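Just so you know, the sequences run in chain order A and B.
Residue numbers for the first sequence follow my numbering, so the first one is 186 and each next one is one higher.
Residue numbers for the second sequence follow my numbering, so the first one is 186 and each next one is one higher.
Derived from the structure by calculation, the hints contain no laboratory data.
Heads up, some of the hints might be wrong.
Unchecked claim - Label-pair ranges, simulated between beta-carbon atoms:
hint, chain 1, residue 1, chain 2, residue 2, range
1, A, ILE482, B, SER468, 45 to 51 Å
2, A, GLU344, B, ALA205, 44 to 50 Å
3, A, GLY269, B, THR461, 47 to 53 Å
4, B, LYS370, A, ASP385, 19 to 25 Å
5, A, ALA604, B, GLU309, 52 to 58 Å
Keep in mind that this is a model prediction, so the values were computed, not measured.
Note that beta-carbon positions come from the ideal geometry of N, C-alpha and C, so glycine has one too.
Protein chains: 2
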Amino acid sequence: MENEFMTEAGLRGLLDLLEAKKYSRARDEILKNNTVDIAEILEEVIEELGIGKAIILFRTLPKDVSAEVFAYLPIDDQIDIISGITDKEIEHIIDELSFDDMIDVLEELPANVVDKILEKTTKEERRLINTFLNYPETSAGSLMTPDYISLRKNMTVAEALAYIKKEGMDSETVYTCYIKDEGRKLLGIVSLRTLVVSDDHLLLSELMHEEIIYVNVLDDQEDVSDTFKKYGFLAIPVVDNEHRLVGIITVDDILDVIDEETTEDFQKMAGVAVSTEEYLDMSVWKHVKNRLPWLFILMCSYVITGGIISSFEDVLSKVIVLVTYMPMLMGTGGNSGSQSATLVIRGLALGDVDTGDALKVLWKELRVSFLIGIVLSALNFARIYWMDGQGVPVALTVCGAMLFIVMAAKTIGSMLPMAAKKVGIDPALMASPMIASLTDMVSVVSYFALATLILGI
Amino acid sequence: MENEFMTEAGLRGLLDLLEAKKYSRARDEILKNNTVDIAEILEEVIEELGIGKAIILFRTLPKDVSAEVFAYLPIDDQIDIISGITDKEIEHIIDELSFDDMIDVLEELPANVVDKILEKTTKEERRLINTFLNYPETSAGSLMTPDYISLRKNMTVAEALAYIKKEGMDSETVYTCYIKDEGRKLLGIVSLRTLVVSDDHLLLSELMHEEIIYVNVLDDQEDVSDTFKKYGFLAIPVVDNEHRLVGIITVDDILDVIDEETTEDFQKMAGVAVSTEEYLDMSVWKHVKNRLPWLFILMCSYVITGGIISSFEDVLSKVIVLVTYMPMLMGTGGNSGSQSATLVIRGLALGDVDTGDALKVLWKELRVSFLIGIVLSALNFARIYWMDGQGVPVALTVCGAMLFIVMAAKTIGSMLPMAAKKVGIDPALMASPMIASLTDMVSVVSYFALATLILGI
Numbered sequence: 186m187e188n189e190f191m192t193e194a195g196l197r198g199l200l201d202l203l204e205a206k207k208y209s210r211a212r213d214e215i216l217k218n219n220t221v222d223i224a225e226i227l228e229e230v231i232e233e234l235g236i237g238k239a240i241i242l243f244r245t246l247p248k249d250v251s252a253e254v255f256a257y258l259p260i261d262d263q264i265d266i267i268s269g270i271t272d273k274e275i276e277h278i279i280d281e282l283s284f285d286d287m288i289d290v291l292e293e294l295p296a297n298v299v300d301k302i303l304e305k306t307t308k309e310e311r312r313l314i315n316t317f318l319n320y321p322e323t324s325a326g327s328l329m330t331p332d333y334i335s336l337r338k339n340m341t342v343a344e345a346l347a348y349i350k351k352e353g354m355d356s357e358t359v360y361t362c363y364i365k366d367e368g369r370k371l372l373g374i375v376s377l378r379t380l381v382v383s384d385d386h387l388l389l390s391e392l393m394h395e396e397i398i399y400v401n402v403l404d405d406q407e408d409v410s411d412t413f414k415k416y417g418f419l420a421i422p423v424v425d426n427e428h429r430l431v432g433i434i435t436v437d438d439i440l441d442v443i444d445e446e447t448t449e450d451f452q453k454m455a456g457v458a459v460s461t462e463e464y465l466d467m468s469v470w471k472h473v474k475n476r477l478p479w480l481f482i483l484m485c486s487y488v489i490t491g492g493i494i495s496s497f498e499d500v501l502s503k504v505i506v507l508v509t510y511m512p513m514l515m516g517t518g519g520n521s522g523s524q525s526a527t528l529v530i531r532g533l534a535l536g537d538v539d540t541g542d543a544l545k546v547l548w549k550e551l552r553v554s555f556l557i558g559i560v561l562s563a564l565n566f567a568r569i570y571w572m573d574g575q576g577v578p579v580a581l582t583v584c585g586a587m588l589f590i591v592m593a594a595k596t597i598g599s600m601l602p603m604a605a606k607k608v609g610i611d612p613a614l615m616a617s618p619m620i621a622s623l624t625d626m627v628s629v630v631s632y633f634a635l636a637t638l639i640l641g642i
Numbered sequence: 186m187e188n189e190f191m192t193e194a195g196l197r198g199l200l201d202l203l204e205a206k207k208y209s210r211a212r213d214e215i216l217k218n219n220t221v222d223i224a225e226i227l228e229e230v231i232e233e234l235g236i237g238k239a240i241i242l243f244r245t246l247p248k249d250v251s252a253e254v255f256a257y258l259p260i261d262d263q264i265d266i267i268s269g270i271t272d273k274e275i276e277h278i279i280d281e282l283s284f285d286d287m288i289d290v291l292e293e294l295p296a297n298v299v300d301k302i303l304e305k306t307t308k309e310e311r312r313l314i315n316t317f318l319n320y321p322e323t324s325a326g327s328l329m330t331p332d333y334i335s336l337r338k339n340m341t342v343a344e345a346l347a348y349i350k351k352e353g354m355d356s357e358t359v360y361t362c363y364i365k366d367e368g369r370k371l372l373g374i375v376s377l378r379t380l381v382v383s384d385d386h387l388l389l390s391e392l393m394h395e396e397i398i399y400v401n402v403l404d405d406q407e408d409v410s411d412t413f414k415k416y417g418f419l420a421i422p423v424v425d426n427e428h429r430l431v432g433i434i435t436v437d438d439i440l441d442v443i444d445e446e447t448t449e450d451f452q453k454m455a456g457v458a459v460s461t462e463e464y465l466d467m468s469v470w471k472h473v474k475n476r477l478p479w480l481f482i483l484m485c486s487y488v489i490t491g492g493i494i495s496s497f498e499d500v501l502s503k504v505i506v507l508v509t510y511m512p513m514l515m516g517t518g519g520n521s522g523s524q525s526a527t528l529v530i531r532g533l534a535l536g537d538v539d540t541g542d543a544l545k546v547l548w549k550e551l552r553v554s555f556l557i558g559i560v561l562s563a564l565n566f567a568r569i570y571w572m573d574g575q576g577v578p579v580a581l582t583v584c585g586a587m588l589f590i591v592m593a594a595k596t597i598g599s600m601l602p603m604a605a606k607k608v609g610i611d612p613a614l615m616a617s618p619m620i621a622s623l624t625d626m627v628s629v630v631s632y633f634a635l636a637t638l639i640l641g642i
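Go ahead and model the full structure; you've got the sequences and the hints to work with.
In structure tokens:
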């Protein structure tokens with residue numbers, strides 16, 4: 186099947202079966218899909234027919250499937266389902282979930298539901314779950330799972346494979362196995378590929394990699410995803426401050442992290458408060474709360490810009506035509522600045538550019554902006570002089586300001602993100618809205634100052 | 186070792202060894218690192234000591250390491266190294282590279298170097314390489330490798346494992362194995378985990394998954410990466426139009442694709458032509474070429490905005506103070522619009538929002554923008570009336586315009602990306618610069634129209 190889950194017609198058919206209460210036929214239909222897609226179909230059922238029918242359908246699913254499907258559902262639907270099934274069933278789902286999925290679910294559920302679930306676990310499990318729940322939300326600790334294959338260095342390949350055969354189904358991945366010493370310190374890693382292609386009698390101590398790339402349990406998830414991108418691993422070990430292996434992170438979880446981090450960058454760059462909630466799920470109130478602060482702050486900066494204009498009111502009232510070109514100068518300044526800012530912010534995020542490259546970047550931007558400024562100025566001169574029929578002084582004022590503004594905007598746009606990074610502020614905050622506000626100030630000052638000079642007012 | 190490669194001191198030591206021509210000690214030092222890091226260190230060597238020393242060091246590396254390191258080097262360095270080593274060595278590197286890395290290298294190398302390399306391959310290999318080189322640059326075909334484990338459905342688990350033991354080292358991954366029929370059509374997949382935990386005598390036909398998620402060889406890489414994100418696979422099969430298995434794509438290559446696609450979105454959203462070249466590597470000329478077109482197009486839109494202002498010159502010359510508030514209205518309009526545009530563009534990219542949700546989005550934005558507009562207007566009224574000491578008519582004009590502009594900007598900002606998607610244009614193009622230009626026009630018209638009305642000019 187391609188990428189797309191059930192067809193429109195297939196979904197309609199399923200909904201019809203449910204409405205006609207033909208649950209076992211509906212179950213057979215839905216089970217033809219991948220668990221990820223079953224979760225999506227279930228969401229549709231909830232939306233179209235309500236939670237009641239969805240729960241009946243959910244309860245007809247085989248237990249191992251239902252746990253996986255549950256893990257893929259959005260949190261609201263998870264809560265609804267939990268409140269509609271028996272304690273026994275909840276217990277079963279939690280049992281079947283992989284450890285990291287369970288932690289994700291528990292993190293989102295209301296406290297009373299979590300308590301209800303934790304009651305059903307052993308004391309030892311509860312301790313482990315609580316440790317995991319306490320890692321900061323965006324840390325390596327919150328991404329990892331303790332379900333990895335742990336081998337000993339004096340095992341042979343045959344023994345290791347026999348161990349994996351026994352334990353392999355309960356582990357998050359079997360493709361990378363970890364070898365620890367008595368103090369739980371990580372000694373080495375060995376891949377299942379190596380085990381499968383090696384002779385049975387070889388010792389793991391001869392096969393294992395000892396130069397291990399790892400992350401610390403408190404590392405930020407962005408650093409973890411950078412490490413995955415750099416090395417292309419399937420899994421990475423997580424150690425605590427005493428260098429003891431406490432868990433592993435697998436690449437499938439990193440794909441979500443990358444999306445999350447990118448969304449965060451986009452939000453910051455647009456002057457919106459960071460949130461992982463989906464656009465449509467977020468209330469109007471929350472949208473306002475997330476957007477108003479930056480709009481307000483940036484608006485305040487325009488009080489200064491307005492003040493600057495006021496101080497040039499004399500010039501303006503004499504040559505009112507200057508106002509006509511103001512939006513163009515401000516707009517082009519803003520656009521020029523955000524081009525540079527975006528390129529530098531992205532370069533910093535990918536590691537192509539570093540704060541140490543500030544001078545190289547500045548020199549590049551100065552040349553780029555000079556060339557762009559000259560071209561745009563020339564085009565404007567032609568337009569203003571011939572098409573608008575303004576005199577040379579006005580044309581010269583606008584074009585001189587254009588060149589200066591483009592150069593200033595690109596300098597500000599490229600340097601501000603680097604400066605932010607240097608002092609530990611997220612460079613993504615120095616994007617379009619912020620840069621545009623600053624360049625607007627610069628635009629207004631330079632334009633009117635030049636006008637005073639050239640027009641001799 | 187953590188995330189970070191060689192320390193500053195370690196690198197300095199290595200460079201000293203190279204300057205003192207102690208190559209074998211330098212090799213021993215560098216070999217303590219992961220191949221990804223060796224490539225980074227080699228880049229430093231090239232930068233600090235020139236390509237000559239780097240080639241000498243490169244040639245001292247064990248053959249399997251040097252091929253891997255080569256694959257991780259930037260294209261410029263690859264070309265320099267190829268021109269400094271013997272044909273025999275080139276042949277060897279190409280031999281050792283995994284198929285998809287080799288294709289990546291060949292795609293970037295100049296034609297004469299590619300010919301030189303292809304001369305050394307067999308006719309059959311050359312045919313395969315040429316097929317792969319001909320897939321469109323951002324298609325699934327250009328990402329895939331033909332080196333996968335291919336099994337038959339009547340094999341037992343023991344036979345399959347024996348086969349993997351023999352062939353496993355030459356394959357891109359052994360963790361997902363593929364079962365084809367006689368016509369090369371894909372019948373099913375089986376994971377190495379399943380093989381390792383299953384009884385030796387079971388047949389693959391009993392174990393294999395037959396509901397397979399696959400991609401087409403001509404699918405865009407963005408769709409491929411969406412499929413990976415959705416299902417969390419380690420590898421995905423690629424089929425041609427006749428549904429024959431032609432290759433597989435592994436998740437490590439998808440991490441690069443995701444970065445590339447994100448960068449593309451950022452570039453489009455900033456009005457910069459899309460390019461995969463790193464910021465610092467790109468010539469000034471190319472930077473100008475990539476940025477000028479959009480700046481020019483957007484600048485032209487300001488000719489209209491300027492024209493609108495001209496037509497209101499009467500109003501302006503009478504109440505010159507109106508100009509003072511123009512940048513604030515335009516700036517806030519632009520910022521409001523790009524907030525909405527960014528949220529919608531990101532929502533569309535993640536699949537949270539769909540073109541079918543247009544009415545829901547519109548209704549949300551109208552409410553959000555009304556509330557934000559009211560708050561900002563009220564704040565402005567207070568400032569203009571009390572702080573600036575203007576009369577009620579001016580304050581009312583500015584505040585009325587503010588409310589209207591914020592609402593118009595958020596409507597335009599949210600609807601334009603959705604409309605673009607609907608007609609097949611990339612929504613990312615409808616971001617900040619484009620939206621700001623449009624809202625500037627709206628701002629100017631509404632502001633001066635309202636001024637004419639309220640101030641009765």
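field: A:ILE482 versus B:SER468 beta-carbon gap, inside 45 to 51 Å or not
entry: Violated, at about 37 Å.
task: Can you let me know if the beta-carbon spacing of A:GLU344 and B:ALA205 is within 44 to 50 Å?
output: Check passed, 47 Å falls within 44 to 50 Å.
Distance restraint evaluation - A:ALA604, B:GLU309, Cβ atoms, bounds 52 to 58 Å: With a Cβ separation near 57 Å, A:ALA604 and B:GLU309 satisfy 52 to 58 Å, so the hint holds.
task: Look at the Cβ atoms of B:LYS370 and A:ASP385 and judge whether their distance stays inside 19 to 25 Å.
output: Violated: the Cβ-Cβ distance is about 35 Å, outside 19 to 25 Å.
field: B:THR461 and A:GLY269 - C-beta distance against the hinted 47 to 53 Å
entry: Between A:GLY269 and B:THR461, where Cβ atoms are some 50 Å apart, the hint holds.
When held up to the earlier numbered hints, the structure conflicts with 1, 4 and fits the remainder.
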